[in-house]
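Participant: Sequence:
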Amino acid sequence: MLRNDSEEMQEGQQGGSGNVVLMPFSRDDDDTGMAMEAIGEEFVNAPVSTSSSTVGPREECASSRFFLVYLRRLRGAGEKGPPFFAPSVDLIPTFLFSTVIMLTLGVADVYGFEPHGLQAYLPAFAASCALTACFTTAPGAQPQALLGSHLLAALIGLSFAHATQSLEQPLGHLLASVFAVAFLAPVCHIFGWFQPSSAATAVSAVFYENGQKDGGYIFVIFPVLIGVSIIFVLSWLLNNLIPWRPAYPVWL
Numbered sequence: 027m028l029r030n031d032s033e034e035m036q037e038g039q040q041g042g043s044g045n046v047v048l049m050p051f052s053r054d055d056d057d058t059g060m061a062m063e064a065i066g067e068e069f070v071n072a073p074v075s076t077s078s079s080t081v082g083p084r085e086e087c088a089s090s091r092f093f094l095v096y097l098r099r100l101r102g103a104g105e106k107g108p109p110f111f112a113p114s115v116d117l118i119p120t121f122l123f124s125t126v127i128m129l130t131l132g133v134a135d136v137y138g139f140e141p142h143g144l145q146a147y148l149p150a151f152a153a154s155c156a157l158t159a160c161f162t163t164a165p166g167a168q169p170q171a172l173l174g175s176h177l178l179a180a181l182i183g184l185s186f187a188h189a190t191q192s193l194e195q196p197l198g199h200l201l202a203s204v205f206a207v208a209f210l211a212p213v214c215h216i217f218g219w220f221q222p223s224s225a226a227t228a229v230s231a232v233f234y235e236n237g238q239k240d241g242g243y244i245f246v247i248f249p250v251l252i253g254v255s256i257i258f259v260l261s262w263l264l265n266n267l268i269p270w271r272p273a274y275p276v277w278l
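Be aware that the sequence shown starts at 27, since it is given in this note's numbering, and climbs by one per residue.
Source of the hints: derived by calculation from the structure; they are not laboratory data. No experiment lies behind these values; they were computed from the predicted model shown. Treat each hint with caution, since some may be false.
Said to hold, decoys possible - Label-pair distances were calculated between CB atoms; the ranges are:
1) Gln-145 / Ser-89: 23 to 33 Å
2) Leu-278 / Ala-88: 45 to 55 Å
3) Phe-233 / His-142: 17 to 27 Å
4) Tyr-243 / Arg-99: 16 to 26 Å
5) Phe-233 / Val-136: 19 to 29 Å
6) Pro-108 / Glu-140: 34 to 44 Å
7) Pro-108 / Gln-191: 43 to 53 Å
8) Leu-278 / His-215: 16 to 26 Å
9) Arg-99 / Gln-170: 25 to 35 Å
10) Pro-269 / Ser-90: 52 to 62 Å
11) Glu-85 / His-188: 39 to 49 Å
12) Arg-98 / Trp-277: 31 to 41 Å
13) Ala-112 / Val-276: 19 to 29 Å
For each residue, glycine too, the CB sits at the ideal point set by N, CA and C.
Please build the complete structure, drawing on both the sequences and the hints.
Facilitator: Okay, structure coming up:
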């Protein structure tokens with residue numbers, strides 16, 4: 027029987043492991059025979075095992091990857107920061123403006139607040155003064171963040187102080203301080219009021235003990251509103267005297 031050399035030969039063999047297909051892989055003109063290569067194709071329809079022996083290594087691999095990424099993040103973003111030493115003529119007005127603002131707050135504290143049993147809480151206001159006198163374009167130096175964050179901090183601090191006044195002190199004050207700052211931070215983040223010194227105002231409001239007849243909420247007016255207004259007005263008047271400085275405020 028004549029056989030065509032180009033004819034493909036296939037033999038199907040049924041086995042327990044699957045189907046085996048025989049196909050030619052080479053041919054010689056002088057030879058009448060043809061060598062065949064067996065290629066096994068096995069189809070497995072069994073579901074993937076979810077036993078602990080399979081899931082465990084995957085979880086360990088994910089945990090190790092997270093740990094390595096965390097270690098890399100601890101080194102920082104690696105971006106180039108501002109120069110370490112940058113002398114400038116702008117340092118002179120920064121020094122003078124900070125001096126004027128802090129002296130004004132000190133005089134208001136001694137001659138305006140203390141005779142009435144009030145206090146200006148200069149540490150919290152000093153941080154705001156540094157922003158408005160030095161970093162005039164910073165978001166926290168703008169009037170909305172300056173006024174809004176301090177007033178909100180005073181209200182939150184007083185409210186948490188009232189909520190914990192039945193507890194034994196100083197435990198009540200400590201808890202009120204913790205939750206006042208923790209609550210203030212996300213609220214300021216929502217409104218875009220990036221004013222770190224307002225956290226000090228919240229803690230000061232917790233420990234405020236004068237004016238208990240009004241629940242202590244006079245603290246919102248004296249010294250918070252008055253003190254922050256002094257900082258803003260003086261920063262507004264003084265910063266705009268320097269022609270090379272950006273106009274203050276950048277936005278209201």
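Participant: A separate judgement is required for each hint: does it hold in the structure or not?
Facilitator: Evaluation of the provided hints:
1. Checked against the given bound of 23 to 33 Å, the beta carbons of Gln-145 and Ser-89, roughly 52 Å apart, lie outside it.
2. Distance hint check: the CB atoms of Leu-278 and Ala-88 are about 49 Å apart, consistent with the given range 45 to 55 Å.
3. One distance hint, 17 to 27 Å for the beta-carbon pair Phe-233 and His-142, holds here, with the actual separation near 18 Å.
4. Checked against the hint of 16 to 26 Å, the C-beta distance between Tyr-243 and Arg-99 comes to roughly 43 Å, which is inconsistent with it.
5. Taking the beta carbon of each, Phe-233 and Val-136 are about 20 Å apart, inside 19 to 29 Å as hinted.
6. Between Pro-108 and Glu-140, the C-beta spacing of about 40 Å keeps the proposed range 34 to 44 Å intact.
7. Hint check: Pro-108 to Gln-191, Cβ distance near 45 Å, so the stated range 43 to 53 Å holds.
8. Judged by the Cβ atoms, the range 16 to 26 Å given for Leu-278 and His-215 holds: they are separated by roughly 20 Å.
9. Taken as a hint, the range 25 to 35 Å holds for the pair Arg-99 and Gln-170, whose Cβ atoms sit roughly 33 Å apart.
10. At roughly 58 Å, the beta-carbon separation of Pro-269 and Ser-90 lies within the given 52 to 62 Å, and the hint holds.
11. A hinted range of 39 to 49 Å for the beta carbons of Glu-85 and His-188 is consistent with their spacing of about 47 Å.
12. As the Cβ distance of Arg-98 to Trp-277 is approximately 37 Å, the hint placing it in 31 to 41 Å holds.
13. At roughly 21 Å, the beta carbons of Ala-112 and Val-276 sit within the given window of 19 to 29 Å.
Checked against the numbered hints listed earlier, the structure breaks hints 1 and 4; every other hint is satisfied.
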